[in-house]
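K.L.:
Each chain is listed here by its residues.
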Amino acid sequence: MRRLPRHLPAILVLLGAGVLARGGRADAPVGTPADAAFLTRVTYGVAPGDVEHLVRRGRAAWVAEQLAPAPDPQLDRTLGRWPTLGMRPGELRDAYPYPRGPRPEDSMGRTMRREARQSQRTPLDERSAARVARTVLAKAQLRERVVGFWLDHFNVYPRKTPAMAWLWGTHEEVVRAHALGRFRDLLGAVAHNPAMLVYLDNTRNAAEDGEAGERGLNENYARELLELHTVGVEAGYTQDDVRDVARILTGWGVVIDEDRGEPGSFRFRSQWHDRGAKRVLGVDFPPGGLEDEGERLLDLLARHPATVRRLSARLCRAFVGTPTPEMVGRVEEVWRSTDGDLTRVVEAIVSDPELMHGAPARSPLEWVAAAARAAGPVDVADPTTVQLLEDMGQSVLGTLPPTGYDDVDWLSSDALVRRAQAAERVGEWLGPTLSRDGVDTPEEIVARFLPAHAGQAGLAERIGGSTWSSGLAAHVISTPEFQRR
Amino acid sequence: MNRRTFLAGLAAGVALAPLPARAAATRAPLVLVVLRGAMDGLSVAPPLGDASLRALRGGLDTAGVALPVTPGLGLHPALARTHRHLEAGALLLGVGPTVAGRSHFEAQDELERGGLRGTGWLSRVASARGLTDPLATVALTPTLPVALGGPAPALCIEHPGERTLDDAGIATARRLYAGSTDPAAQRALAGLDALERLSRLPAGTFDPKRDEVAAFRNAVRLVEQGTELVFLELGSWDTHVRQGTTDGLLPRRLAVLDESLDALLTGLGGRAHVLVLTEFGRTVGPNGSSGTDHGHGSVGFLFGPGVVAGVHGPTPRADVLHDQRDVPVTATHAQVLAALDRALGHGDLTGGAVPVPGLFA
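Chains as they are written, first to last, in our numbering: chain S, 20 to 504; chain H, 24 to 384.
No lab work stands behind these hints, which were simulated from the structure alone. One or more hints might be untrue.
What the hints assert, rightly or not - What follows is a set of in silico ranges between Cβ atoms, one per label pair, in the way DEER data are often shown:
hint	chain 1	residue 1	chain 2	residue 2	range
1	H	247	S	204	54 to 60 angstroms
2	S	105	H	189	41 to 47 angstroms
3	H	189	S	132	37 to 43 angstroms
4	H	278	S	116	27 to 33 angstroms
5	H	129	S	116	38 to 44 angstroms
6	H	227	S	135	34 to 40 angstroms
7	S	259	H	140	23 to 29 angstroms
8	S	132	H	197	46 to 52 angstroms
9	H	121	S	311	37 to 43 angstroms
10	S	132	H	265	19 to 25 angstroms
11	H	189	S	135	51 to 57 angstroms
12	H	265	S	135	48 to 54 angstroms
13	H	247	S	122	38 to 44 angstroms
14	S	120	H	329	54 to 60 angstroms
Idealized CB from N, CA, C, for every residue including glycine.
Chain S extracted, bound-state conformation:
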């Protein structure tokens, strides 16, 4: 019953867009450089057929299609390569145990232990390759971009402790599940997330002088929850606020052993909880509160005007690079009026009249993904690509500082030199597919890789000078134009 009305506007838009794009002619719809520029900005890169699909659908329907959950059997088949993706944390822990005990005396024992330690990280290695696969191959490219944004916003370093190898996957799952839902739900899911609680030491956060023996407050998560995840330093909170946020979150921890529930799930230790009165950003939390006061805290932070302003701006920045204050204001208004409905917020960003303002830099992952998409997409999801990205300064799953990669200058002189070097290898990966498809002139390479720059004078001449598809691909992805989206 729900299907017909939902698809009706899409059909109408499709008809309109088709007429416009065809200009009255009867052949397949063609896009303009502006359509290609739009896709370059809001996806991980333009693959063959993407512009035509956009024009057939029309932008509004295309955006709705990209943001609505939809099956992607081709991607699922690829993800089937990595069995650990479907395993629960407890199963991963048992299948890939961390080698313990004293250091082996003989070299064979040491080799075996080193291999066991490598094997223990298998779930992270598979997650990394799968993340590359999703970035390059997912049909819902815009959705994937938004997931990538929130994984970076709620960055969790997957190598903090050995246990992260079996805890980290849940983090990606919950962010994926809530990335286009309500911000309050996303924030809550992350706050109950074992990987986050371990990463920022909240598993050690206990009431001072409580029943947790020698333990006491640990402010690490509390501080980042305020500073990075929600209101930001501009909100003007004090050390007392940080301390009381930490006190509210005392006892928020993780199940490690089966006797307390499912391993790797959230656990509230009421005996570690500080039951005194607290006050955060002028709001009182009366004495006697338990886990429920944490929920009240998340309500307060998720809807705080400083959070709405800060995260609207950050989300705009992720798409536009340097958004105008007017654009941020419009997106902020949508966030406020929809109570943080992230689907509406993203729709507002990608349909904003100033979406094309600025010239954001591509991160290494965005750069490799854009190259692989332009050439096929070519499936480059393997450990070699993950290592290449690591060499270019980007760990696929997350970085050490809790700021993630926000504000990293991806186009420093050294980074660009490293890109020029990596381009030769990436070109070799893409060459066979391009040759097979007969893409072997500078003009065709430009049309494929830089469709938003089609017709730009001198571009094809600049990337010429190689007679091989792989060489031309290496050249085109080294141009200044390809470093931005």
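Given the coordinates of chain S, assemble chain H onto it according to the supplied hints.
P.N.:
Chain H alone, transformed into the frame defined by chain S:
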């Protein structure tokens, strides 16, 4: 000067001089080392005589094992080599950010910008010294630090010993970037040029290892080749958990710092200024995880020509704490940087910060 003559000038530089010749012998090179994550100053330089402070420190107190610096102040035993260098160096106490916001990112930003917004302090030093060659100002880091953000050309290269592109690759990349109006293209061209000149240096000039200490050895090599400003960093000082005294997270990092500073200072042989700072200090008392949380004042080190050796700043006391939990800041980062600016003739680069007195003779 347009881009073409700029390139021609650099190309000529390749043939004539591998690296820039220093403008004046009196102007010593300068190395800024940022310890990211907030190093616990009280563990590094523990006051020896204050029993109530030692009681507050609890299990983290290092006064009992410290090497003596003055009768009232010690140095962590993991810093034995630094301790020897301090015979000609300054130990700065109570150094930190203006406000105890206790955010790593804000405080590092304030440190690297030196009290002003917009550009980094080291970039302003490069401009004040009239440095225009990217090889004169180098960050041995994976990404360009805030300290070098600004109009002055600077090179960011993590492993100068690695040949990343061959000559043909450099020539191709140059062609692809030529003529672009993108500011990144200018940076890429400058980077390619610098890379080409580094590759002309004899094999073995740089330490090819990828460990943390190698960057400090390579800083020496760069200064020997004519680089004037170097930025270095060491991370993982955020000891919220199991900080330790002689065994634990902090002493392991201090051992790396000691080896790194020793490589740097021994290699430089007193001909450059070396300033070591961290964004803030940590709580006096331990938290509930045998670690420390974010505090305010910490310690710093300064070495080089004209530096007045010894301890600068008041020794922390249990009865003079900030917020009843932290060492107070008695010298802001900007004030320390201002002292260098005054002594080294940079002019005022910190928006009028009052220089810490007595650091230079």
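K.L.:
Give a verdict on every hint.
P.N.:
We went through each hint and held it up to the structure:
Remark: the range hint 54 to 60 angstroms for residue 247 (chain H) to residue 204 (chain S) is upheld by a beta-carbon distance near 58 angstroms. Between residue 105 (chain S) and residue 189 (chain H), the C-beta spacing of about 44 angstroms keeps the proposed range 41 to 47 angstroms intact. The hinted window of 37 to 43 angstroms between residue 189 (chain H) and residue 132 (chain S) holds, with their beta carbons roughly 39 angstroms apart. Our hint of 27 to 33 angstroms for residue 278 (chain H) and residue 116 (chain S) holds, since their Cβ atoms are close to 31 angstroms apart.
Residue 129 (chain H) and residue 116 (chain S) have their C-beta atoms about 41 angstroms apart, which keeps the hinted 38 to 44 angstroms range intact. Restraint check, residue 227 (chain H) to residue 135 (chain S): a C-beta distance of roughly 38 angstroms satisfies the suggested window 34 to 40 angstroms. A C-beta distance of roughly 28 angstroms is found between residue 259 (chain S) and residue 140 (chain H), which places it inside the suggested range of 23 to 29 angstroms. Between residue 132 (chain S) and residue 197 (chain H) the beta carbons are some 48 angstroms apart, a value that agrees with the proposed interval 46 to 52 angstroms.
A hinted range of 37 to 43 angstroms holds for the C-beta pair residue 121 (chain H) and residue 311 (chain S), which are about 39 angstroms apart. Between residue 132 (chain S) and residue 265 (chain H) the CB atoms are about 23 angstroms apart, so this pair conforms to the stated range of 19 to 25 angstroms. For the hinted restraint 51 to 57 angstroms between residue 189 (chain H) and residue 135 (chain S), the CB-CB distance of approximately 39 angstroms leaves it violated. About 24 angstroms separates the C-beta atoms of residue 265 (chain H) and residue 135 (chain S), a value inconsistent with the hinted range of 48 to 54 angstroms.
For residue 247 (chain H) paired with residue 122 (chain S), a C-beta distance near 40 angstroms keeps the hint of 38 to 44 angstroms intact. Look at residue 120 (chain S) against residue 329 (chain H): about 55 angstroms separates their beta carbons, and that is inside 54 to 60 angstroms.
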